[in-house]
Amino acid sequence: MVRTRLLSGNEAVALGAWEAGVVVGCGYPGTPSTEILEALAGKPGVYTEWSVNEKVALEVGVGAALSGGRTLVTMKHVGVNVAADPLFTASYTGVRAGLVIVTADDPELHSSQNEQDNRNYAIAAKVPMLEPSDSEEARQFIKLAFELSEEFDTPVFLRMTTRLSHSKSLITPFDGDAPVRVEGPIRPGFVPDPRKYVMIPGHARARRVAVEQRMQRLIAAAETHPANRIEWPEGIDTTQPADFGVVTSGIPYSYVTEVAPQAPVLKLGLVHPLPRTMLRDFAARVSRLYVVEELDPVIETQLKAWGIECIGRDAFPGIGEFTPTIVAKGLGLPVAEQTLAPAIEAAVRRPGLCPGCPHDHVFAELRRKGFIVSGDIGCYSLGVLPPYQAMDTLLDMGASLTVAQGMDLVVPADQKGRIAAVIGDSTFAHSGITGLLNAVWNGRDGFYIVLDNGTTAMTGMQPNPLSGERMGRADAPSLDYALLAQAIHIPDGQLAMVDAYDTEAISTAIDQLAELSGVRLLVVLGLCLIEGQKLKRIEKLDLKKTVRRELVRHHPVGGAHG
Amino acid sequence: MAEVFNVLLVGVGGQGIVLSSDLLAEAAARTGLDVKKSEIHGMSRRGGPVFSHVRFGTEVHSAVIPNGAVDVILAMEPMELLRWASWAHPGAAACYLDAPILPVGVDGYPEGLDDELARLFGRLVRIRLAEIRRSVPLKVRNTALLGAASVFLPLAEDSFAAAIAALAPRGSAQANQEAFDIGRERAQAQVKEPMDVE
Numbered sequence: 001m002v003r004t005r006l007l008s009g010n011e012a013v014a015l016g017a018w019e020a021g022v023v024v025g026c027g028y029p030g031t032p033s034t035e036i037l038e039a040l041a042g043k044p045g046v047y048t049e050w051s052v053n054e055k056v057a058l059e060v061g062v063g064a065a066l067s068g069g070r071t072l073v074t075m076k077h078v079g080v081n082v083a084a085d086p087l088f089t090a091s092y093t094g095v096r097a098g099l100v101i102v103t104a105d106d107p108e109l110h111s112s113q114n115e116q117d118n119r120n121y122a123i124a125a126k127v128p129m130l131e132p133s134d135s136e137e138a139r140q141f142i143k144l145a146f147e148l149s150e151e152f153d154t155p156v157f158l159r160m161t162t163r164l165s166h167s168k169s170l171i172t173p174f175d176g177d178a179p180v181r182v183e184g185p186i187r188p189g190f191v192p193d194p195r196k197y198v199m200i201p202g203h204a205r206a207r208r209v210a211v212e213q214r215m216q217r218l219i220a221a222a223e224t225h226p227a228n229r230i231e232w233p234e235g236i237d238t239t240q241p242a243d244f245g246v247v248t249s250g251i252p253y254s255y256v257t258e259v260a261p262q263a264p265v266l267k268l269g270l271v272h273p274l275p276r277t278m279l280r281d282f283a284a285r286v287s288r289l290y291v292v293e294e295l296d297p298v299i300e301t302q303l304k305a306w307g308i309e310c311i312g313r314d315a316f317p318g319i320g321e322f323t324p325t326i327v328a329k330g331l332g333l334p335v336a337e338q339t340l341a342p343a344i345e346a347a348v349r350r351p352g353l354c355p356g357c358p359h360d361h362v363f364a365e366l367r368r369k370g371f372i373v374s375g376d377i378g379c380y381s382l383g384v385l386p387p388y389q390a391m392d393t394l395l396d397m398g399a400s401l402t403v404a405q406g407m408d409l410v411v412p413a414d415q416k417g418r419i420a421a422v423i424g425d426s427t428f429a430h431s432g433i434t435g436l437l438n439a440v441w442n443g444r445d446g447f448y449i450v451l452d453n454g455t456t457a458m459t460g461m462q463p464n465p466l467s468g469e470r471m472g473r474a475d476a477p478s479l480d481y482a483l484l485a486q487a488i489h490i491p492d493g494q495l496a497m498v499d500a501y502d503t504e505a506i507s508t509a510i511d512q513l514a515e516l517s518g519v520r521l522l523v524v525l526g527l528c529l530i531e532g533q534k535l536k537r538i539e540k541l542d543l544k545k546t547v548r549r550e551l552v553r554h555h556p557v558g559g560a561h562g
Numbered sequence: 563m564a565e566v567f568n569v570l571l572v573g574v575g576g577q578g579i580v581l582s583s584d585l586l587a588e589a590a591a592r593t594g595l596d597v598k599k600s601e602i603h604g605m606s607r608r609g610g611p612v613f614s615h616v617r618f619g620t621e622v623h624s625a626v627i628p629n630g631a632v633d634v635i636l637a638m639e640p641m642e643l644l645r646w647a648s649w650a651h652p653g654a655a656a657c658y659l660d661a662p663i664l665p666v667g668v669d670g671y672p673e674g675l676d677d678e679l680a681r682l683f684g685r686l687v688r689i690r691l692a693e694i695r696r697s698v699p700l701k702v703r704n705t706a707l708l709g710a711a712s713v714f715l716p717l718a719e720d721s722f723a724a725a726i727a728a729l730a731p732r733g734s735a736q737a738n739q740e741a742f743d744i745g746r747e748r749a750q751a752q753v754k755e756p757m758d759v760e
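If you're matching them up, the sequences are chains A and B in order.
Note that the working numbering has the first sequence beginning at 1, numbered continuously upward.
Note that the working numbering has the second sequence beginning at 563, numbered continuously upward.
Mixed in with the good hints, there may be bad ones.
[To be verified] Below 25 Å or equal to it, Euclidean Cα-Cα: the simulated DMTMM-like pairs (lysine to aspartate or glutamate) are:
| id | chain 1 | residue 1 | chain 2 | residue 2 |
| --- | --- | --- | --- | --- |
| 1 | A | Lys267 | B | Asp596 |
| 2 | A | Lys329 | B | Glu565 |
| 3 | A | Lys304 | A | Asp117 |
| 4 | A | Lys304 | A | Glu337 |
| 5 | A | Lys267 | B | Glu621 |
| 6 | A | Lys329 | B | Glu621 |
The hints are simulated quantities; they were obtained by calculation from the structure and are not laboratory data.
Let's have the full structure, built from the sequences with the hints guiding it.
Next comes the structure, spelled out in structure tokens:
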């Protein structure tokens, strides 16, 4: 199953979960989490799905865990915002079989709209969180996470970061030729327990107390949890306090051991709750205590609340990713003095839409016609950059339609009717449809454009409810735009579908639909070029193109629908 | 060799940097060394700069190379070599494919770019596109550059062959191996290592 012992953090999570007997894996694609489910898909004994969004994924996961199956739910950091509603109450219901939620945070915002630190979610939802430092730890920690989840009857977070998810390191060799799968200890079967699983206020009040009691037991368990350890380098006089010591976790741990191999380190694998006694005793053995953590001062704040002196944000930045060099500087250690110094400045190179991208014409037209463009999350967010510069807002998944609705309520007459929302197919299914329904229901005006390229392109071509496929490229029903429009009462003449490469049709459609009032839906159909290459290899390209041509033919601008 | 050897592979989205770095990391692993590699996927692939750190040695902690510690840069494009040069220490080696891919909005590169690269890197291999355009298909030019860079790497030639056999996409092992060999030959012709002279 595995060709090489070099695995990315994400591949290692999938391997460890499979070895731990996971039976359900679900999530929504999002960099840097996406490769976990892709690596898990197709392995024997496990069902995997791309869910419609993260909230759906976590709810599917809760149901599976309550019914006795070890379950893995994956998402990027902002996905946890979407899944926060079930998260906070799943903490109350508990899980029965292990439920592990992977949150893949993105320090440095390599591919995200914000840099939130999801350790805060573990604290707020009162669930434990593990954070590995390399691929082998990712593989081992997912097993520890399932055990912790079952022992304490709680969902458990596994926190990854971009650097960890996408770095490769060697894993411990298998005992034999292949990894060994061990089934989870819980027998499948739903056992009714309404006081635990039906969270009406009367039941939830009792569970609220149970959650606090659980947290007290977790705090005690953290002191001896195998993911936490102290590394005291050989040769240091243990009778005297060391000059300095470091508390760290995750990827920054690897930077600390890189630049300060002589420093005593308390490595936290369990980052919530924290082991108070272990930290206090470690602090007492060092003259200066540094806390090396990316993003928010979560550990530092807790230490200071306990009266343990430490240096964190005073020495290390709270914004962006760390590097070995940043950590060395923060610890007051020397860094490379001499590096090559080019005398010529490098030309700026920005990412952009691929040459020939089907989104190209729409953005060119929207810019030419001077629209205010309410954007959304996906490849097409690159429409904000030159040469298009045709995006004015971008907030979160699905916000294009709804932010446009708010704008329309307040803008003066000359801007009214000049607002367009653009959203991709996967994002539309994720959380755009509710915004569409909101507009129709409230009798609003709005011009909404779905850029349907047949796949979730930005994260590397995952199928979605509009692509006619599901996980593993099995055929699946595709949401029918025309029936959807009909069902929510968008008049026939206010729905049009055009070919993404028919510039004239796009221009005409925008002009005509922009003149109308009420909710107007324009679907621009053009397969992603990279997806097209993949479809060609599996001989599905012609079929998909035919389906799309038929849509365009049956739903022309003006509404003479056949 | 030094305790940890640091290689930075750079290019533009779509040039095969990820596969090249996988091959290099695998070759080091097959040599029995500890290996880590790090790169960023996602938005950068859409025509933006792409980079991958590969580190190998007896024990590697960080997957990210410290600033100024790069020993060898493999670049699929000249401006990308210039962009990442400051990550290297004086005395670092580099090899690059001299096939400019102009960023959107840039009409041409400054004159003297190749001279500047030669000034920066005392040991430099420059593979002109014309010399490999016919002999090396587009899809395996990344592996040709890896072959060229291999003259600066403390890894045995057969470890690369094993890595290519294990990791090359189905049906492409031979094409990748041929590309590797051509790149290595071109580079060997350019560098006159002291040990060759003796």
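Violations among the numbered hints, reported as their numbers in ascending order
Per hint list: single violation, 4.
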